[in-house]
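Keeping their order, the protein sequence lines are chains A and B. Position in the first sequence counted from 1, then plus 140, gives you this note's numbering. Position in the second sequence counted from 1, then plus 652, gives you this note's numbering.
It is worth saying that the hints were derived from the structure and are not from the lab. For glycine and all other residues, C-beta sits at the position ideal for the given N, C-alpha and C. Careful: at least some of the hints might be erroneous.
Stated by the list, open to error - Chain A stretches covered by chain B per the calculated footprint, using a threshold of three residues with CB under 8 Å from any CB of chain B:
hint, region
1, 149-158
2, 384-390
To be verified - Here are the computed lysine-lysine pairs in the DSSO-like style, where the Cα-Cα straight-line distance is at most 27 Å:
hint, chain 1, residue 1, chain 2, residue 2
3, A, LYS301, B, LYS804
4, A, LYS227, A, LYS301
5, A, LYS393, B, LYS799
6, A, LYS413, A, LYS393
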Amino acid sequence: MPLTEDDFRTLLAERAATASPPVDRVASVHRRIVRRRRQRTGVVGAVLGAALLVTGVALPHLSTRRSDPIAAPAPRPLLDQYADGGKLLASGVLQSPQQGEVSFRFTPTDWHLQVKQDCGAGWPTDGWTAVRVNGHVLTFGTGCGSGASGPYGADQAFWSKLGVQLGQPSTITLSLVVQDAQPPDPAPLPAAQRRAGSLAVGVYQRVPLADYPLPPRPPTLQPLSRVSGPGTLDSRDVGANGTFTVRAVVGPKIELRTTAVAPGAIRLLVNGKAINEVDSWRWDVVAGAGTNLDQDTLRRAGVDVADGTTVTVTVEASRFAVPGWTLAVRTPGPNGDGG
Amino acid sequence: MARSAETTSDFDDFVVGCSPGLLRLAYSLTHDHGLAEDLLQTSLVKVWSAWRRMDGDPLPYVRRVLVNTYVSSWRRRWRHEVPTEAADLDVGSSPPGDQRVGERDQVWQALGRLPRRQRAVLVLRYLEDLSEQETAHLLGVSVGTVKSQASKGLARLRIDPSFAPSSTDSPDSIDSPVTCREG
């Protein structure tokens, strides 16, 4: 018998109430705030330079050195030079009410791209913005804290639809738009309605883990749930780095679930064919990733298997300073239950 | 920028008092305790920069930041991490006594496979008990979009057909105050 509305509400309430590991959240949040502030201090020069170039003022000597504390206050907002495994490729800052729109160009060399927005002090929390890539709307809505846009995995199809080509310049435009504006052409916000504040948008391109400034190890690591049994690998049992294998029976779908609480690189293979690479670059989160594969996806990767076939799943783990990862292979059956 | 001790203390009090409810929301969205904690802390860090400018109860704004951070491709950086298009619900061979439990597990798993915006709409409507207008305002979409997303999400969960989103919600105040209580 299908669930009723009351059953559904009860289900949500029950599941939401399940216990989670205790954490000192206040301390952790403040550590993140301090870390974010320190990272941003290092890019004051770059963002200032980008903002001035965008508004038509060229500085002969741009610098990415730390800002002089006696100098004029840095423009807000600031984007981290490195974030989520990527390096800031290009960015622009919109200063309202003087500007209603800002554009800049970026030239990617890799499809692992992500667009991030951030607001400075004073930005109205209900202010609407739209971000376009080569004229195509990527995101729209309230601009503050909108996070990252676009898949970070190499998704040529996604970015190509926005007119992006590797090695060729593309244009990003950040605009103030009216509330509830909708694509394909969100209406610009009239100048008289612009409130004071600043907003930044930047394009990040993933960098190899070896080139990423990993944070220092904290005194206490995030809790990592133990995995055991068939189809699982726990680095605390097998080692932090190396090549490890498990066997799993293929169903209509197979999920390779990786979890990491330390920076490092994990390469996943099925029957010796490379399937995915998942990097972790943080200590302060429990990073989980599900690589979901159906039989079509496996065939395209060169793994031709039928339902019920046993495959070998290989993990190549590297650059982990501690045994801080696990793998669990799930093969949901026709009833939706995990294997 | 220096913060007053009072501002920091207010923020800390908010984190302590309101985190349990926000964490439940984050867990309902992410279906993973670790990711929920990360989503919550990421959102609180974002809120910190606007803390001094906020008037009134900050909870609605924090909730909006959290949900929109989740919906806007947060952490969607792994290849092949895409929601399945169809929920695989088949109560088939479960023993009669366990069938209800099996159905609820399957609905929970199917909820986790919905596209993020549909999942967010259902969680906001049926866990947070927000009206269609409040949900639309929080997500920055129209009421029509909320109705459409809820309808599609419920259809994928194969909830009882009589469980349909109401089309006659009363016009609740969008910014009705919500008070956080400690503990």
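Hints, verified against the model:
1. 149-158: That given contact holds, which follows from 8 residues of the region 149-158 of chain A lying within Cβ reach (below 8 Å) of chain B.
2. 384-390: With 0 residues closer than 8 Å to chain B, the region 384-390 of chain A misses the three-residue bar; violated.
3. A/LYS301 x B/LYS804: 26 Å, holds
4. A/LYS227 x A/LYS301: 23 Å, holds
5. A/LYS393 x B/LYS799: Distance ~31 Å between A/LYS393 and B/LYS799 Cα, so the pair is violated.
6. A/LYS413 x A/LYS393: 17 Å, holds
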